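Trainee: If you're matching them up, the sequences are chains C and G in order. Start counting the first sequence at 1; every next residue gets the next number (our numbering). Start counting the second sequence at 1; every next residue gets the next number (our numbering).
Warning: the hint list may mix true and false statements.
Stated by the list, open to error - Which bits of chain C does chain G cover? Going by a derived footprint, with three or more residues having C-beta under 8 Å, they are:
1. 57 to 66
2. 112 to 122
3. 191 to 201
Everything labelled a hint here was simulated from the structure, so no lab data went into it. All of these numbers come straight from a predicted model, not from anything done at the bench. We treat Cβ as the ideally placed atom computed from N, Cα and C, and that holds for glycine.
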Amino acid sequence: MTESNVGILALQGDVTENFMATMAALHDAGMDATVSQVKTPDQISKLDGLIIPGGESTMMGQLSMVNGAMNALKEIIDGGTPVFGICAGMILLSKNSTDRVMGSTEQPLLDILDVEIERNSFGRQKDSFQAEISLDPIGISSFQGVFIRAPAILTSGSNVEVLSKFNEKIIAVKQGNILATSFHPELTQDISLHKHFVEMIKESN
Amino acid sequence: MIPLSGDIPNAKGIKSDSIDSIDVTKGTSTLKRGFAHMLKNGVVMDVTTVEQAQIAEEAGAVSVMVLDKLPSDVRKAGGVARTASIRIIQDIMDNVTIPVMAKCRIGHVYEAKVLAEANVDMIDESEVLTPADENHHIWKWDYTTPFVNGARSLAEALRRIEEGAAMIRTKGEPGTGNVAEAILHIKKVNDELRTIKSIFDSGDKQDLVRMAREFKVSFDLVEETARIGRLPVVNFAAGGIATPADAAYLMSLGCDGVFVGSGIFKADDARERARAVVLATTFWEDPKAVKEAQKMINEKQSMLGLDVDNLELRMQDRGGSA
Chain C
1 MTESNVGILA LQGDVTENFM ATMAALHDAG MDATVSQVKT PDQISKLDGL
51 IIPGGESTMM GQLSMVNGAM NALKEIIDGG TPVFGICAGM ILLSKNSTDR
101 VMGSTEQPLL DILDVEIERN SFGRQKDSFQ AEISLDPIGI SSFQGVFIRA
151 PAILTSGSNV EVLSKFNEKI IAVKQGNILA TSFHPELTQD ISLHKHFVEM
201 IKESN
Chain G
1 MIPLSGDIPN AKGIKSDSID SIDVTKGTST LKRGFAHMLK NGVVMDVTTV
51 EQAQIAEEAG AVSVMVLDKL PSDVRKAGGV ARTASIRIIQ DIMDNVTIPV
101 MAKCRIGHVY EAKVLAEANV DMIDESEVLT PADENHHIWK WDYTTPFVNG
151 ARSLAEALRR IEEGAAMIRT KGEPGTGNVA EAILHIKKVN DELRTIKSIF
201 DSGDKQDLVR MAREFKVSFD LVEETARIGR LPVVNFAAGG IATPADAAYL
251 MSLGCDGVFV GSGIFKADDA RERARAVVLA TTFWEDPKAV KEAQKMINEK
301 QSMLGLDVDN LELRMQDRGG SA
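So here's chain G without its partners, still in its complex pose (with noise of 0.2 Å):
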C-alpha cells in the first residue's frame, strides 16, 4: 500500500481553517496524494472545449484535463505552448462534474498560482508547454491545490516527488500516437525500482546512499521507495497513448492508470474509443475484454502517429536534467 504521509515541516501548502467553526486542515499529503488514489484504474483525457469534457465524462472518464491545444496541435502549430484561457477551464468546470486538471509551463509559478486560484482539481507541470524555467521545477508544497509531474526514470520521478508531487505519469513522447516511449520510461522505472528494492533487502545502506546521490535526491525518500517497492505516490502512464490495446498493455506494466492526450480527440471516433479506452484500462486483466473494447474502433480512423526517431521537438527532453 502507498503511504499518505511525506509532508515536509511547515509547508505552505498546508492550511488552517474553519468550515462554521468546525477546525479543519486542507492541503495535507493525505488530500492531495488520496485526491490521485481515487482517480486509480481510471482514464484522464485531454479536451480543448466544453463538448470533448462531456464526451469524456459520458464515456467514463475520471477526470478531464484542459490545455490550448492537444500535443499533436503543439506541434504542428510551433511557437510557445502556454496555460489554457481561463474561461475555457471555467466552463468546463462548470459543466462536468467530473474533476478538471489543467497544465502550466514546467517552473512557470504564475501560471500555477493563477490555476490554483481558478480552482482546478490538480495542476499538470507539463513538458507537454514550453518551458519557462528549465533548472528550477515549481516549489509544489507551497500549494494546496495537488500536482502531477511527467517523468522518465525513477530519478526524475523521485525529484518531483521531493518537490512535492502528489501524483507522477511517465512522459512518454506526447501528441506521437506511439506508445513505445511511453513504455520505455514505465519498464525503466520499474527496473531501478528493482534495483533499489534489491539493495534494500540486502541491507547495504551505503549503496543506498550511492544511489541517493545518483539520483540527486535525499536518502530518506529513496529508502523510502526501496522499502516498498514502488513510487510512493500513484503512477499512471502518459504520452502516446492512442488504443484500447495501449492502455491495457500499460497497465499490465503496474500502471495505476492512463491518461490519454491527442489519442482520443484526434482521432476520428472519438466517442466510442474514448469509452474503448476505458473499457480496456478498467478490464485490461481479461483479454476478451480488451478485444471487445478494441473492437470498438477502427484503426483506419486512429490518428495517424509519427515515428519518435525524427521529431523536431522531443518534448520528453523538457525539464528532465533538472
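With the rest of the complex left out, here is chain C (with noise of 0.2 Å):
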C-alpha cells in the first residue's frame, strides 16, 4: 500500500489547527501518510483524505470557484474520498444552506451532502459557546463542543447518518464517505474525531 496523502484545504481558516491535529491522529492510529495543504485543483485531485476546516463559507465558496477547485473538490468527493467538513466545511458540502436571519442566500455549495442547514444556527459570536456532548454512534461518550458562530442542521436525508444532537438541532452526520460536524474538535487537544476520519481513510484504501 502507498502512503495515503490527506490534504487540508487551505483557501482560509484555521488551517494550521487541523493540520497539527491529522498528524496527532495519524501518529496515534499507526498510520503513514503526508498531510499538506491544499489549494489547486491539481493538489486536490491527488487526495486520498480532505479537511474542509472552519472559516468563512462565503469567502471559501467563492474563492474555490474562482481557481476551480469548486469542481476538483466535487470529483473526489463524488469518487469516494473521504472528506472532513467542519463547521464552515460543513456548509459547503450541504445540499441547502440558509442563514438564521437573512434567509437563503446565493453562497456556492458543493450540493453532496443530503441536508439542510442553518447558518449562524445558535447566534451571533457573544452566543458562541463550550458544551460536553457524545458521539455514541462512533463510540465517543463524551466530547467537548466548540461552537464559533456554529451552523445546525435542521432536517437531513434518510441516507445520512445522526452522530451527534444538541436539543433538536443536528450537529455532527455522516454519509458515506463524508463526516461532518458543527462544532471545532481542532480547537481542544482531544483528538477522537480527528482519529475517527484517518480511519475512514484507511478503510477505504
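Can you join these two chains into the complex? Each is in its own frame, and there are hints to help.
Mentor: Structural data, given as C-alpha cells:
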C-alpha cells in the first residue's frame, strides 16, 4: 500500500489547527501518511482524504469557484474520497443552506451532503459556546464541543446518519465517505474525531 | 500552533449559561481567540454603509469593520472621531452573513459595552478614533465579546493581550494608503520575537525577566510567547494597505491575514480591488497569482496616499505608551 496523502483545504480558516490534529491522529493510529495544505485543483485531485476546515463558508465557496477548486473537490468526493467538513466545511458540503437572519443566500455550495443547514444557528459571536456533547454511534461518549457562530442541521435525508444532536438541532453527521460537524474538534486537545476520520481513510484504501 | 488557553481566573466575560436546559459556557479564551482563528488568511474590510458591506462580502471578505468615516476621511474631517451609529451597524448585521466588527475609542469602556450589547462579533479598540483614555486601555477580560487591538511592537502587543485582547493587528498608519508603517511594525514585532525566542532557547531566565520588565508585562506571558516564538493570538496586518501586492507582501512577512481600511472604498475601482486584494491574500505564495490580482486594479484609481513624514496626525502614537 502506498502512503496516504491527506490534504487540508487551505483557502482560508483554521488550517494549521487541523494540520496538527491530523498529524497527531495519524501518529496515534499508526498510519503512514503525508499531510499537506491544498489550494489548487491539481493538488486536490491527488488526495486520499480531505479536511475542509472552519472559516468563512462564503469566502471559501467564492474562492474555490474562481480557481476551479470547486469542481475538483466535487469530483474527488463523488469518487469516494473521505472528506471531513468542519463548521464552514459542513456548510460548503451541503445541498441547502440558509442564514438564520438573512434567509436564503446565493452562496456556492458543493451540493453533496443531503442536509438543510441553518447558518449562525445559535446566534452571533457573543452566543458562541462550549458544551459537553457525545457522538455515541461512533463510540465517542464524551466530547468538548466548541461552537463558534456555529451552523446546525435542521433536516437530513434518509441516507444521512445522525451522530450527535444538541436538543433538536443536528450537530454531527455521516453520509458514506463524508463526516461533518457544526463544532470545532481541532480547537480542543481531543483528537478522537480526527482519529475517526483517518480510520475512514484507512478503510477506503 | 497557537495555544487557545490563557483565561485569567474569574474573568467576568466568561459566562455560565444554559441553552434549553443544556449547560454551556460562553466567553472563554478558546471561543474568543478561536473566533479570530476562523478569520485567518482572510481580509477584513472597513465599511461605512450596507452597500459597501455587501460589496465586501461578495468579494470574499471574511468580515467587515463598521466605521462612521473611513480613516482617510477621519483625517480630513478632523474633530473627534467616535464609534459608528448603532443603526448603521445593525443594518449591516441584518444584510450580510459574515461577521461584523466595529471600532470603539481607546479606553472608552461604555462605547465598548454599547457595541457588545449591539451584538457585534468583535470590537476593535482603535487608534483611528479619538482616544478617550490615553492611560488605560479597556480591561477586555470583562467582555464576552472578543477584542482586537493595534500594536507597533511586541511590548505593545503583549500589553494588549494581557488586558484580554483575543487578536492583534499592526497599527501601520491608517488612512494614508502608505504601507510603510505596517511593514515597519510587523518587522519590529518579528525581530523582537526572534530575540526573546533565542533568550528562551539559551535558558537564561534572568534575561527573560529583564525583557518582561522592559515590556511592562508579566514574566509568564513573555515566557510563553518566547517558547512558541510567535504572538499567542492571531496577528493581522493593518494600516495603509491599498493594493493586492501590499497585502501579499504583508502575508509573506508572517501576518495571519489583513485589514484594509481606506484602501478599497477610497479607490475608484472598489469592487474589483476588493476581490483582487482577497485573491492576493489567499494566493500570496504564488507571484503569478498576485500578478493576476494586481492586473485587476488600475493604479490611476488607487487612493492618492500620504507621505507619513508630514502628517499632522499620527494615529499610531495614540495609546502607545500605555
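Trainee: At least three residues with a C-beta closer than 8 Å to a C-beta of chain G: is that true for the segment 57 to 66 of chain C?
Mentor: holds (count 5)
Trainee: Count residues of the segment 112 to 122 of chain C with a Cβ under 8 Å from any Cβ of chain G, then say if the count reaches three.
Mentor: holds (count 3)
Trainee: Does the segment 191 to 201 of chain C contain three or more residues whose Cβ lies closer than 8 Å to a Cβ of chain G?
Mentor: violated (count 0)
In summary, the one numbered hint that this structure violates is 3.
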